[in-house]
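Peer 1: Let chain F serve as the given structure and place chain P on it in line with the hints.
The chain contents come next:
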Amino acid sequence: MDICIIGVGNILMQDEGIGPKVAEILRKNYTFEPNIEIIDGGTLGLDLLPYIEKYKKIIIIDVVDFGKEPGFIKILRGEEIPPYLKTKLSVHHVGVQDLLEVARLMGYMPEELVLAGIQPESIDLGLDLSPTMVGKLNELIEEILKILNNWGIKCVLQSLQE
Amino acid sequence: MARLVIDPVTRIEGHLRCEAVVADGKVKDAYSSCTMWRGIEVIMKGRDPREAWVFVQRLCGVCTTVHAIASIRAVEDALKIKVPRNADLIRNLIMANQCVQDHVIHFYHLHALDWVDVVSALKADPAKTSELAKTISPWPNNSTTYFKAVQDKLKAFVERGQLGIFSNGYWGHPAYKLPPEANLMAVAHYLEALDWQKEVIKMMAMLGAKNPHPQTFLVGGMAIPIDPESQNAINAGTIAALNKYADMAIEFVEKVYIPDLLAVASFYKDWAKYGGNVNFLACGEYPEANGKMWLPAGIIKNKNLKEIYPVDHKKIQEYITRSYYKYSKGENAGLHPWDGETTPNYTGPKPPYEYLNVDGKYSWGKAPRYEDLPMEVGPLARVLVAYASGHKEVKEAVDMVMKKLGVGPEALFSTLGRTAARGIIALVTAYKTKDFINELAANIKKGDYTIANTEKWDPKTWPAEAKGMGWHDAPRGALSHYIVIKNKKIENYQMVVPSTWNLSPRDHKGVRGPVEEALVNTPVADSKQPLELLRTIHSFDPCMACGMHIVEVKEE
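Sequence order for the protein chains is F and P. Numbered as in the working numbering, the first sequence ends at 162 without a single skipped number. Numbered as in the working numbering, the second sequence ends at 718 without a single skipped number.
Since the hints were derived computationally from the structure, they do not count as laboratory data. If a hint is listed, it holds; no wrong ones were tucked in.
Below, a list of computed lysine-lysine pairs in the DSS-like style, where the Cα atoms sit at most 30 Å apart: (1) LYS28/F / LYS207/P; (2) LYS554/P / LYS244/P; (3) LYS364/P / LYS57/F; (4) LYS56/F / LYS364/P.
Calculated from the model, a selection of chain F residues having no Cβ within reach of chain P, i.e. all distances over 12 Å: (5) ILE25; (6) GLU69; (7) PRO110; (8) LEU145; (9) ASN149; (10) ILE153; (11) LYS154; (12) CYS155.
The beta-carbon is built from N, C-alpha and C at its ideal position, and this holds for glycine as well.
So that you can see chain F by itself, here it is in the shape it has in the complex (with noise of 0.2 Å):
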C-alpha cells in the first residue's frame, strides 16, 4: 500500500468539515484494488508527518480560499500546492502549511502530492455541509477517483446498503 488520503479540517464548522467528510464517504462506500489507506486527518498538523513519510502518493482533500464562487473545485500538484496554503481560509492552516514544510525539511515529501482543493461557502460553528457544498460531493468525488485510477487503482463503488 503506497497511496494514501487524508482528508483534513474541522468539521465542527460547516464546510471547513468536507475533507473528513469525502474521507468518510469513500472509506464507507468504495473499496479500491490494491488497497489504499484513507485517513480522517482532522485539524492536526505534526501528528500527520508519519503519514506523509510513509506513503508514495498522497491526496489532501480540504478547503481552499481560490477567491472563486463557493463549491469551486481545483486540483493542485506539487509545487502549485504551497502558494494556495497561505491564502486558506480555516483555522488549521498553519497545521497543514507547517505540516508540508516539514516534510520538505526532513526529505519526506511523498513521489507525488496532490491537494484536492474546493471553495467553501460558510465556515461558521455547524455540523452540516452548506448545501452547495453537499451539491459538489459528487463531483469532488469523482475528481478524486480520477487521480486514483491514473494511479493504476480500481475503484469500485459498493452498494448502498447501511
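Peer 2: Same frame as chain F, now just chain P:
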C-alpha cells in the same frame, strides 16, 4: 509612542492578536485579543452526554485528547461515576505521553527559534559544536561529521531560497545571544525532535486504537479491553511496547531537551526579569491509586509560595465587559460556566482594521477570573504549586535547574521560568510514565482486567437533572468543561480553555489578563522586529499562534 501590532493571520479576523504600546524601548501597555469557540453549546445542546467527547475532541487541532478527557470527566462528575483504576491508568498514560511530546515540540518547534538564530548556525564550526555538545550531554549524536551533515542540510534548505518553516524569523536580531555553535546544536536537535515526536506518540496511538483521533474514550472508563490471552487487547506485548516508548521519552528529555534548555537559558538569564505574573492556578493531574492527584491542585496569589489555596471551581466567573458578548445580567456581571451565556455583541471596528478599539470591547475571548483575580495556567502554574507544596520530584527538578543556572526561586516568575517549567514538567512526567505502566502491569498480573464502570451507562439510571464539571491539567494548562444534563440530554455545555485564561482581555475592573500583564516592561530593541514580545507570548504556548512567528508589524 509606537503601537505595535502582532497579528498572526491578518486575513482572518481574530485568532490571536497582540497590540503593545511601546515607548523608550519598553512595552508600556499591552492588549491580547483572541477568538474562542463561540456557541459550542449550540452544537452540543440536545445531544447524548455520552458522545459529547467525540465532538469536543475536534475543537483543538493541537491536542486531540485533552477535550475528550475533560468532557468524559465532566459527564462522570455529573452522573457520579467512579472510574476503575485501570481506566485511570490508561488515561494517565495517554495524558502523560501527550504532555511530554507536546512540551518537546513546543520547545524545539514553536519556541526555540525565539532564542536560536537558525541562520547563524550556518557560520558554526562543526568541530567546536561537537566539543560543546559533548560537554553538556552524553547523547550519542555529537560528532563533527554529524554536525557538518546537519549544517549542509540546513545550507541546502536555505540556498533553495525557501526558508519554509524558518521564514518570518528575525535572523540576525541583536537580542539573539547564542554563539553559532550553540545555534547549530539546537538546529540539529530541532531536526532530531521532529523524528522523535512522531515515534514517541505511538504510545497514544496504541492506547487510543486510532491515530490521529483516539477512539477509546468512554464515559465510565476506557473502551479498550485488557486480556493477556488476546492479540487484540492490552496484553504483555502492549506493556513491553509502552515501556519502549516511555524509555524513548525519558532518554530524549533527559539527554537532549533538558541539557539544551539549560544551555540556551544560561545565555538568557536576563529573561528572569521579564514576563512574569503573580497569580497561578493548577487544577491537579494524574489521579493516583489513593485518589489524590500526583501533581497537586492549588492557587497561588500574589507570588506567595508559602500559602497554597485549594481550588474550587465554583469560584470561577467569566466576565465580558471587554469581550464581544452581552450578558442578560449586564456588562459587569460575572457568570459561572454552568450559567454561562454566549451572546455575541461585536462592537469592534469593521475589518479590515488597523487597530483594535482597546478602550472598549476588544476580544472574542471572555475574561475568566478566580475570586476576581486573573490566573496564569500551564506548566509554570503546575511547577509553582507542586514546588510550594513540597512535591518531591518537582522540587528536585526545580532545584537542579536553579542550581545549574545559578538563580533562585524568584527567577521562576518570568518568561525564563515559564520556559524552564515546561522542561521540568516534561522531565518528571516522562519518569512518572513508568510508574503508571508498572502499576497497570501489576494489576493485570493480579487478574484485574476491569476497564469500565458501566453501572450508569443506561440513561434510565440517571437523575432527571445533573450538573458536572471536568478538570484536566492539559499541556497548556488547566482546562475545564461544564455540563448541564436535563432529561438525559445536554442542556448546557461550556468550557474554559487554558488560552482563555492566559490570553484573557481585561475584566470588569480593567485588570489585565496574564499575557497582557506579562508583556508590560518587556524591552524592545527594534520596534520593527518585536522578537522580545514573541518570546513572552510564545512562552505561554498559546493555541492560536502555533508555529507562528510574525506576519505583520505596524507602527503608529
